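Put together the whole structure using the sequences plus the hints.
Here the protein sequences line up with chains P and S, keeping their order.
Sequential numbering from 6 applies to the first sequence in the numbering used here.
Sequential numbering from 27 applies to the second sequence in the numbering used here.
Misleading hints may appear alongside valid ones.
[What the hints assert, rightly or not] Examples of chain S residues lying across from chain P (beta carbon under 10 Å, computed):
| no. | residue |
| --- | --- |
| 1 | Pro32 |
| 2 | Arg40 |
| 3 | Pro66 |
| 4 | Ala117 |
| 5 | Tyr123 |
| 6 | Leu139 |
| 7 | Ala214 |
| 8 | Tyr223 |
| 9 | Ala224 |
| 10 | Ile240 |
| 11 | Val241 |
The hints are simulated quantities; they were obtained by calculation from the structure and are not laboratory data.
Nothing here was measured: the structure is a model prediction, and the numbers come from that model.
Just so it is clear, CB atoms sit at the ideal spot from N, CA and C, and this is done for glycine as well.
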Amino acid sequence: MKGRDLTPPQTVGPFFHGLLREGLNMLVAPKTLGDRIRIEGHVYDGNRTPVSDAMIEIWQANARGHYSHPADQRVASLDPAFAGFGRTGTDEAGHYWFETIRPGRVPFGKSGDQAPHLNVAVSARGLLHHLFTRLYFDDEAAANARDPVLRGIPEDRRSTMVAKKIIADGKTVYRLDIVLQGQDETVFFDL
Amino acid sequence: MNKDFPPYLHEAYRATVLRAPRRPLIQVPKTLSEVTGPGPTVSAAASPDTDLTRNGGAGGEAVGERIIVTGRVIDDDGNPVPDTLLEIWQANAAGRYRHRRDQHHAPLDPNFLGFGTCLTDENGLYRFTTVRPGAYPWENHPNAWRPAHIHFSLLGPAWTSRLVTQMYFPGDPLQELDPIFNSVPTDAARERLIARYAHDVTQPAWALGFRFDIVLRGSEATPFESAEPSRAAKR
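Right, here's the structure in full:
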């Protein structure tokens, strides 16, 4: 139990466009290490109606599995051309996308690694507190089966966090829809 | 989930009805992914823009009651959170946002953008100059009005520190009628969203002062390292 009471959250509301500076959904620079990928999908509400005013944020490791943060002390694996943070708003169709790189494996304890993943936060009008989830990759089945977070999720719900690979115009794209409520509701975390 | 935090489903705020998850949130282990976060890197690259009365881009000064909003950002151990980015946004003095979806019949102010950024200093202090935002109507229920508020967004030191909230003003009679403010379940927690009038911050013949302190979740020193995460679902 910590000493100070936290400031409670409130909804981001519909007017957060000031947070969406141009280029925040393009995480890669010419010198960034790693395989270029596009992440995209839609956000839906409980009626399967697109959510056109959601804000999606991602936080990810670089191609070597290193986070650009002081708590990750493996300095040798830093990539100065990759910060790992992205933010975007959904459009009228509820669509979002990021241009990024495939993250490496992040360590877990002394025993092993986590499967490659993006950390995802969803904010929107009607969400009084943002939601946390993760995005995994469907072509990492063996690593996903050993992942310490995925293993804690009921098996029949894990697929709501696993993006599907497609090739579009020669580009590698991973698609994941975020369903706030109802059938195929995305797994959200109590962090 | 913290007992002082709003539930996802709060039916008086209608937009929650189709957007709140209905399945319980799932506890997962805290790993390096959660104890790190974008705050330090994003903050280091930010350029502060703290005076919302003059950043509208039209060269003039925003209309309204000029105010100073200042406070400390600390973590739940009481330590200051230095060098961290705050982003704020708000309606103008007439209660209108500069946004294509805001059709409230109130004037836009060409000198008011309604967005600002600040970095905390080594003691966790931040300070904005702005105008007091107006109340505005919304469509949640008949004759619904949002109390005056300023939106705050902080990334903080870790992924789990992320905070998006709203600051309210003391003595506003619209607060008790507002389902968003009242989604916070306890009096004590709602009080923490209301700035205090601070005469020591008020500048003579210039601007009224308000103090609003923010408490973020800190970065937990070491990630959870057990191989078997809990599956217990709270809430």
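Hint check results:
1. Pro32: holds, 4 Å
2. Arg40: holds, 8 Å
3. Pro66: Given a least distance of 6 Å, the restraint on Pro66/S holds.
4. Ala117: Cβ of Ala117/S sits 8 Å from chain P, so the hint holds.
5. Tyr123: With a closest approach of 4 Å, the Tyr123/S hint holds.
6. Leu139: holds, 8 Å
7. Ala214: holds, 7 Å
8. Tyr223: With Cβ-Cβ at 19 Å, over 10 Å, it is violated.
9. Ala224: This hint is violated: Ala224/S lies away from chain P, its Cβ roughly 17 Å from the closest one there, beyond 10 Å.
10. Ile240: holds, 5 Å
11. Val241: holds, 5 Å
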